[in-house]
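Peer 1: Each chain, written out:
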Amino acid sequence: MKMNRFHRRHITESIAKGAMLLSFLIMAGSLGLILWTVLYKGLPALTWEMISQTPKGGFYLGKEGGILNAIIGSLYLASGGTLIALALSLPMALYLETYLGKSSWGRWVRLSLDVLWGIPSIVYGAFGFTLMLALGMRASLLGGIIVLALLELPIMVRAMDEVIRRMPVDLEHAALALGSTKLEVATRIVLRQMLPGIVTAVLLAFGRGIGDAASVLFTAGYTDNIPGSLLRPAASLPLAVFFQLGTPFPEVQARAYASALILTIIVLAISLGSRWLAAKAGKFTLK
Amino acid sequence: MNTHIQVNNLNAWYGKQPALKEINIEIPKNQITVIMGPSGCGKTTLLKTFNRFLELNDGAKITGEVLVNGQDIYQPDVDVTEVRKRIGLLAQRPYPLPMSIYDNVAYGMNIHRMKKDRLGYKASVKHYLELAGLWDEVQKRLHEPATGLSIGQQQRLCLARGLAVEPEVILGDEPTSALDPISSQHIEKKLLELKSQYTTVIVTHTLRQAKRLADHVIFMYMGEVVEAGPARNVFTNPQQERTRQYLEGLF
Numbered sequence: 001m002k003m004n005r006f007h008r009r010h011i012t013e014s015i016a017k018g019a020m021l022l023s024f025l026i027m028a029g030s031l032g033l034i035l036w037t038v039l040y041k042g043l044p045a046l047t048w049e050m051i052s053q054t055p056k057g058g059f060y061l062g063k064e065g066g067i068l069n070a071i072i073g074s075l076y077l078a079s080g081g082t083l084i085a086l087a088l089s090l091p092m093a094l095y096l097e098t099y100l101g102k103s104s105w106g107r108w109v110r111l112s113l114d115v116l117w118g119i120p121s122i123v124y125g126a127f128g129f130t131l132m133l134a135l136g137m138r139a140s141l142l143g144g145i146i147v148l149a150l151l152e153l154p155i156m157v158r159a160m161d162e163v164i165r166r167m168p169v170d171l172e173h174a175a176l177a178l179g180s181t182k183l184e185v186a187t188r189i190v191l192r193q194m195l196p197g198i199v200t201a202v203l204l205a206f207g208r209g210i211g212d213a214a215s216v217l218f219t220a221g222y223t224d225n226i227p228g229s230l231l232r233p234a235a236s237l238p239l240a241v242f243f244q245l246g247t248p249f250p251e252v253q254a255r256a257y258a259s260a261l262i263l264t265i266i267v268l269a270i271s272l273g274s275r276w277l278a279a280k281a282g283k284f285t286l287k
Numbered sequence: 001m002n003t004h005i006q007v008n009n010l011n012a013w014y015g016k017q018p019a020l021k022e023i024n025i026e027i028p029k030n031q032i033t034v035i036m037g038p039s040g041c042g043k044t045t046l047l048k049t050f051n052r053f054l055e056l057n058d059g060a061k062i063t064g065e066v067l068v069n070g071q072d073i074y075q076p077d078v079d080v081t082e083v084r085k086r087i088g089l090l091a092q093r094p095y096p097l098p099m100s101i102y103d104n105v106a107y108g109m110n111i112h113r114m115k116k117d118r119l120g121y122k123a124s125v126k127h128y129l130e131l132a133g134l135w136d137e138v139q140k141r142l143h144e145p146a147t148g149l150s151i152g153q154q155q156r157l158c159l160a161r162g163l164a165v166e167p168e169v170i171l172g173d174e175p176t177s178a179l180d181p182i183s184s185q186h187i188e189k190k191l192l193e194l195k196s197q198y199t200t201v202i203v204t205h206t207l208r209q210a211k212r213l214a215d216h217v218i219f220m221y222m223g224e225v226v227e228a229g230p231a232r233n234v235f236t237n238p239q240q241e242r243t244r245q246y247l248e249g250l251f
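Protein chains in written order, with the numbering used here: chain A, 1 to 287; chain B, 1 to 251.
A couple of the hints might just be wrong.
As the list claims (entries may be wrong) - Okay, derived cross-link-like pairs now, DSSO-like style, lysine-lysine, Cα gap no bigger than 30 Å in a straight line:
hint, chain 1, residue 1, chain 2, residue 2
1, A, K182, B, K122
2, B, K126, A, K182
3, B, K140, A, K280
4, A, K182, B, K189
5, A, K283, B, K61
6, A, K287, B, K116
7, A, K182, B, K116
8, A, K102, B, K115
9, A, K283, B, K140
10, B, K140, A, K102
11, A, K287, B, K16
12, B, K16, A, K283
13, A, K182, B, K211
14, A, K283, B, K115
15, A, K283, B, K122
16, B, K122, A, K280
What the hints assert, rightly or not - Some but not every residue of chain B turned toward chain A, in silico, with C-beta under 8 Å:
hint, residue
17, G64
18, L89
19, H143
20, P145
21, K195
FYI, nobody ran anything at the bench for these hints, they're computed from the structure. Please read these numbers as outputs of a predicted model, since none were measured by experiment. Just so you know, even glycine gets a beta-carbon here, dropped at the ideal spot from N, CA and C.
With these hints in hand, go ahead and build the complete structure from the sequences.
Peer 2: Encoded structure:
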């Protein structure tokens, strides 16, 4: 028996392992660097005033006020968009799997969703803007919500579709064998089995929605007030970062990083919350 | 013989590939019928025509009649969910539904709205778990995930779940092939106990299991029924050369 640790196969494995470790370190390093930058530059400017007040006169010159308008605006926009996208994509994903399956129609629907996924968000924004002009609408919370829903829809449907496709077909047959209709299989079995994956899909779409600046730039506009109605413009955190970072004043730029920090914290909180939810929902599922 | 299922001129194809050729058989009521034969002979395909599961395969085509109590289940006005409620299936591997042990048994009664209130469901869940010989092991953990059970317990849960929708026929597609010997014995014992109330059709590739269970035997080869009849006759005095060779273990 040969006991050579420096055999070619072992060397190949070490190199491969090294390469994987290196890529992990680059990824983790970038994440760490992003978090560190946002914390280092944003934390000093993150005051209670920042998150509890709307901008006062001279805010963008470094005077008092906060970005409550953008925090609330972003939460409204992303939640509204995600809810609409969820309401549309869940039936769509179930229909794709249950009735279309691998048919040529199903392939077409999936292809168009993939194309939609790849369209840049500024194009969604421009499209939404044109549509709103045609309808005589102004930049508003509603406009932003609709465009975000459109932006999130393909992400959510395709993520759910992948999840549903991993559903064991024998489990569906088990339910069919008891005399279930296809609808009962979809809503009572597939949905339950796939709930953890669906929660993840929703989170993925929400994250894209709340972090997107380009699509809401024209459609939701920007305002220093908290939107009081769906037809009023709404501010958003990504745009708050963008506008503040564009000023020549260091105090305001620091606030841009504080805004970015708030956005990061919101996404992190939702991510952790949904993980907890997914684990709870996964208690009964087949592994 | 009191016939429960009668098959007339049944043919089936997967795409262009013939899978069943001119099947004409009768399945006796309240007995265990065992379908046996070498792999690929069409025994599972035949079983799947009894609960209209074959049509779940893309490209499967069926002609002929399958009469259950004299009624053809392939007539267009027949409700397929009703067929599957009346003809239960115990699959090769147990697939518990993604819910609690209790809900697994209640599920079928629930979709068919078979009970009036919670107490009705509760009593029935207990009854069918007892019937499947699982009640003592699970009565203290009814609301825990069914996936936490051992594979043998899961198969008995699937039996309870299937019995709960009050079928007339139990189909078993090699129902013990994924189980350990003790769990297999459990299932076989249950099937023997239940045969007075249910017509049972089992597909198996183990000859010894066929001999332990069968009242009636169907021997298939290459998509055709070679020989069918009472187990005693077929096992001790096969009429066909092929059957004799199979029983002697020649293929």
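Peer 1: Each of the hints needs a verdict: does it hold here or not?
Peer 2: Results of checking the hints against the structure:
With a C-alpha separation of about 26 Å, the suggested pairing of K182/A with K122/B holds against the 30 Å cut-off. Of the pairs offered as hints, the one joining K126/B and K182/A holds, with about 28 Å between alpha carbons and a cut-off of 30 Å not exceeded. For a cut-off of 30 Å, the pair hint linking K140/B to K280/A stands: about 21 Å separates their Cα positions. This hinted pair does not check out: K182/A and K189/B have alpha carbons roughly 34 Å apart, beyond 30 Å.
The straight-line distance between the Cα atoms of K283/A and K61/B is roughly 40 Å, outside the 30 Å bound, and the hint therefore fails. With a CA separation close to 33 Å, the supplied pair K287/A and K116/B exceeds the 30 Å bound. A C-alpha spacing of about 24 Å is found between K182/A and K116/B, which places the hinted pair at or below 30 Å, so the restraint holds. Of the pairs offered as hints, the one joining K102/A and K115/B is violated, with about 38 Å between alpha carbons and a cut-off of 30 Å exceeded.
For the proposed pair K283/A and K140/B, the alpha carbon gap of about 18 Å is at most 30 Å, so the pair holds. Note on K140/B and K102/A: the hinted pairing is violated, with a Cα-Cα distance of about 43 Å set against a maximum of 30 Å. Our distance criterion of 30 Å between C-alpha atoms is broken by K287/A and K16/B, whose separation comes to about 36 Å. Restraint check: the Cα-Cα separation between K16/B and K283/A comes to about 44 Å, which exceeds 30 Å; the hinted pair is violated.
Of the pairs offered as hints, the one joining K182/A and K211/B is violated, with about 38 Å between alpha carbons and a cut-off of 30 Å exceeded. The straight-line distance between the Cα atoms of K283/A and K115/B is roughly 27 Å, inside the 30 Å bound, and the hint therefore holds. Of the pairs offered as hints, the one joining K283/A and K122/B holds, with about 22 Å between alpha carbons and a cut-off of 30 Å not exceeded. Between the alpha carbons of K122/B and K280/A the distance comes to roughly 25 Å, so the proposed pair stays at or under 30 Å and holds.
Hint on G64/B is violated. Least Cβ distance to chain A is approximately 22 Å, over the 8 Å limit. At its closest, the beta carbon of L89/B sits 4 Å from a beta carbon of chain A; the interface hint therefore holds under the 8 Å criterion. Look at H143/B: its Cβ only gets to about 10 Å from chain A, farther than 8 Å, so that hint breaks. With a cut of 8 Å, the hint placing P145/B at the interface with chain A holds, because the nearest CB-to-CB distance is about 5 Å.
Of the supplied interface hints, the one on K195/B is violated, with its beta-carbon coming no nearer than about 20 Å to a beta-carbon of chain A, more than 8 Å.
Violation of the numbered hints given earlier is confined to hints 4, 5, 6, 8, 10, 11, 12, 13, 17, 19, 21; the remaining hints are satisfied by the structure.
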